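If you're matching them up, the sequences are chains A and B in order. Per the numbering used here: the first sequence = residues -6 to 135. Per the numbering used here: the second sequence = residues 14 to 384.
Simulated from the structure, these hints should not be mistaken for laboratory data. Quick caveat: nothing in here was measured; it's all calculated off a predicted structure. Every residue gets a Cβ at the ideal spot worked out from N, C-alpha and C, and that includes glycine. Among the hints, erroneous ones may be present.
[Stated by the list, open to error] Residues from chain B that keep clear of chain A, each with C-beta distances beyond 12 Å, as calculated:
#1 G31
#2 Q188
#3 Q223
[Claimed, not checked] Okay, derived cross-link-like pairs now, DSS-like style, lysine-lysine, Cα gap no bigger than 25 Å in a straight line:
#4 A/K75 <-> B/K114
#5 B/K141 <-> A/K130
#6 A/K88 <-> B/K253
#7 A/K130 <-> B/K138
#8 A/K122 <-> A/K48
#9 A/K48 <-> B/K279
#10 B/K114 <-> B/K279
#11 A/K122 <-> B/K253
#12 A/K122 <-> B/K302
#13 B/K375 <-> A/K75
#14 B/K253 <-> A/K48
#15 B/K375 <-> A/K88
#16 B/K302 <-> A/K48
#17 A/K75 <-> B/K279
#18 A/K124 <-> B/K253
#19 A/K75 <-> B/K368
#20 A/K48 <-> B/K284
#21 B/K302 <-> B/K279
#22 B/K155 <-> A/K88
#23 B/K279 <-> B/K92
#24 B/K302 <-> A/K124
#25 B/K177 <-> B/K138
#26 A/K130 <-> A/K88
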Amino acid sequence: MSENNFEPRIIAFLCNWCTYTGADLAGTSRLQYPPNVRIIRLMCSGAVDPIYVLKADLAGADGILIGGCHPGDCHYQEGNYKERRRVVALKEILKGAGFDEDRIWIRWISASEGQRFAEAIREITTAMKEKGPNQTKSEWAV
Amino acid sequence: MRIRYPVENDDTLITLQGFLQKILSERIVDVLLVPMRTPSGTITPALVSDPEMLVHADPLAPVLPVNSATLAGQVSMSKPRPKVGAVLRSCEMRALVELVKFQQACLEDMVLISVDCAGTYGVPKYLKMAANSGISEENLWKNLFKTAIHDPEVGQEDLRQACKMCVQPVYDQAQIVIELLGSNFNEEIIITLPDDLGEKLGLNPVETGQREVVVEKLSKAHSTEREAEFASIRERMDGKENLTTIFAACIRCHNCMTVCPICYCKTCVFKSQVFEHEPMQYLVWTQQKGAYRMPADTMLFHLTRLNHMVLSCVGCGMCIEACPAELPVGTVFSVIGQQVQGVFNYLPGRNLDEKPPLVTFKADEWSEVGE
Chain A
-6 MSENNFEPRI IAFLCNWCTY TGADLAGTSR LQYPPNVRII RLMCSGAVDP
44 IYVLKADLAG ADGILIGGCH PGDCHYQEGN YKERRRVVAL KEILKGAGFD
94 EDRIWIRWIS ASEGQRFAEA IREITTAMKE KGPNQTKSEW AV
Chain B
14 MRIRYPVEND DTLITLQGFL QKILSERIVD VLLVPMRTPS GTITPALVSD
64 PEMLVHADPL APVLPVNSAT LAGQVSMSKP RPKVGAVLRS CEMRALVELV
114 KFQQACLEDM VLISVDCAGT YGVPKYLKMA ANSGISEENL WKNLFKTAIH
164 DPEVGQEDLR QACKMCVQPV YDQAQIVIEL LGSNFNEEII ITLPDDLGEK
214 LGLNPVETGQ REVVVEKLSK AHSTEREAEF ASIRERMDGK ENLTTIFAAC
264 IRCHNCMTVC PICYCKTCVF KSQVFEHEPM QYLVWTQQKG AYRMPADTML
314 FHLTRLNHMV LSCVGCGMCI EACPAELPVG TVFSVIGQQV QGVFNYLPGR
364 NLDEKPPLVT FKADEWSEVG E
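Just chain A, with the same shape it has in the complex:
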């Protein structure tokens, strides 16, 4: 399934305080990472309603990243802890329903970890390239 020229499209939901700022740092530091990611900034990873993730997945996104502050560092105290549970549940539901739960990623990346952000995007892009396109992309009757 994996074609050499396949470029996965990754949707990233990043928290304003840590991971988005980390992505910003990666940019201002001129770090190189694959241009496959489309970033959506939210105030907190805890604000990522699973319905956003599902919508992206069913629309054909090849990878979905939720980025937040490290556990214990949430600027709203516990948003990332709650999101972690939601993602655990969501992945389990997707697996149970026969969808590919491994397209959903979660990464804790702080504002000072530009390097870690660039690495995460490289890792996800490589993994999704190997996996090939999300089959929902060609499913019109969903």
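For chain A, the structure is supplied; the task is to place chain B on it using the hints.
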């Protein structure tokens, strides 16, 4: 205390009605929420304040038109409120426990009266059977209980799918438990109730032991049926195929959501403006895939509903009955529910003090997630 309530005139139903009448006339509660037989012969939940009206009560009729947990919520959420005695089956009790956790019901002024269940028929099936003059109404429930007690492995083919797979036919945490599965119901009804109430009604405690054995055997037999059914559903969601295949015939009537006791939102997001898109948006989506199923977002609807309620799904199967396309909605939800609930070691309806997994968290869990 556990008491023995003798059956009068060989009629278990009239005896049970008599017991409920005492609860009303002794002012234990202001009203009873109880299944009643309408003048047309159908069964519906109703509120009853007049003990005389309980001659129409029929908690034994083997049919569950709605999950009454929602109704118990309606009459309990705000003060002032009546003191309600809720006569419910196990699946309704468990749904009610979940609704309490979501602040959609309050048990403060409620007396829970649980009735052991030997399974129910779907409404059309029940009406057909009840209209069949060959089977008396009494025999309808008695046959089910006889099978449940003596031949649980044989089962009853025509029961609702959810009932055939039900592994929790009793709910023992209620204040009053009508223990039909442990009763020789032609002669007696065994009832567990608070000591003061038992004394007030002038009843003497008894020892009885066979119910636990019966319930265990019944649950085990149903568990076998359940695992077989689950396996066949899982096979159809193995990754090569997914939920889209099983739910392909969905007509998006949202009946499953309407009848679900756990889906409590006043306005579902799928009926809100969030899903009122601009016409040109549809063009974009259509051009992305070349064709676009309408109404849009059918799989998103089901996956979101799963995401919202599957951790609290009690498997009452109301959604199966409500689906005009006859999709195995409830069975699929039970399959996935079992799996997700297992991850959080959560069993809906088990304990009022257990928080639903998604409203709580621990700092030191799933540390591998996110690294």
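Okay, the hints, checked on the actual structure:
The Cβ of B/G31 lies farther than 12 Å from every Cβ of chain A, with a closest approach of about 47 Å, so its non-interface assignment holds. The beta carbon of B/Q188 is kept farther than 12 Å from every beta carbon of chain A, the shortest such distance being approximately 33 Å. For B/Q223, the non-interface assignment is confirmed: its Cβ lies about 38 Å from the closest Cβ of chain A, beyond the 12 Å cut-off. Between A/K75 and B/K114 the alpha-carbon distance is near 17 Å, which keeps this suggested pair within the 25 Å criterion.
Distance restraint check for B/K141 and A/K130: the Cα-Cα separation of roughly 47 Å exceeds the 25 Å cut-off, and the hinted pair is therefore not satisfied. The suggested pairing of A/K88 with B/K253 holds, with an alpha-carbon distance near 12 Å, which does not exceed 25 Å. About 42 Å separates the Cα atoms of A/K130 and B/K138, which puts this hinted pair outside 25 Å; it is violated. Under the criterion of a C-alpha separation no larger than 25 Å, the hint pairing A/K122 with A/K48 is consistent with the structure, at around 21 Å.
Pair hint A/K48 plus B/K279 holds up; C-alpha atoms about 22 Å apart against a cutoff of 25 Å. For the given pair, B/K114 sits about 17 Å from B/K279 by alpha-carbon distance, which is consistent with the 25 Å threshold. Distance check on the hinted pair: A/K122 and B/K253 sit about 19 Å apart at the alpha-carbon level, within 25 Å; holds. Note on A/K122 and B/K302: the hinted pairing holds, with a Cα-Cα distance of about 20 Å set against a maximum of 25 Å.
The suggested pairing of B/K375 with A/K75 holds, with an alpha-carbon distance near 9 Å, which does not exceed 25 Å. Distance hint between B/K253 and A/K48 is fulfilled; the C-alpha atoms sit about 20 Å from each other, no more than 25 Å. At roughly 23 Å between alpha-carbon atoms, B/K375 and A/K88 fall within 25 Å of each other, so this suggested pair holds. Among the hinted pairs, B/K302 with A/K48 is consistent with the structure: their alpha-carbon atoms are about 14 Å apart, no more than 25 Å.
Annotation: proposed proximity of A/K75 to B/K279 holds, straight-line Cα distance about 24 Å (limit 25 Å). Straight-line distance between C-alpha atoms of A/K124 and B/K253 comes to about 14 Å, which keeps the hinted pair within the 25 Å bound. Under the criterion of a C-alpha separation no larger than 25 Å, the hint pairing A/K75 with B/K368 is consistent with the structure, at around 13 Å. The suggested pairing of A/K48 with B/K284 holds, with an alpha-carbon distance near 16 Å, which does not exceed 25 Å.
Taken as a hint, the B/K302 and B/K279 pair is broken in the structure, with Cα atoms around 34 Å apart against an allowance of 25 Å. With a C-alpha separation of about 42 Å, the suggested pairing of B/K155 with A/K88 is violated against the 25 Å cut-off. Restraint check for B/K279 and B/K92: the C-alpha separation of about 20 Å stays at or below 25 Å, so the hint holds. As the CA atoms of B/K302 and A/K124 are separated by approximately 20 Å, the hinted pair is consistent with the 25 Å bound.
A distance of roughly 15 Å separates the Cα atoms of B/K177 and B/K138; the hinted pair therefore holds under the 25 Å criterion. As the CA atoms of A/K130 and A/K88 are separated by approximately 18 Å, the hinted pair is consistent with the 25 Å bound.
This entry does not satisfy hints 5, 7, 21 and 22, going by the numbered hints stated previously.
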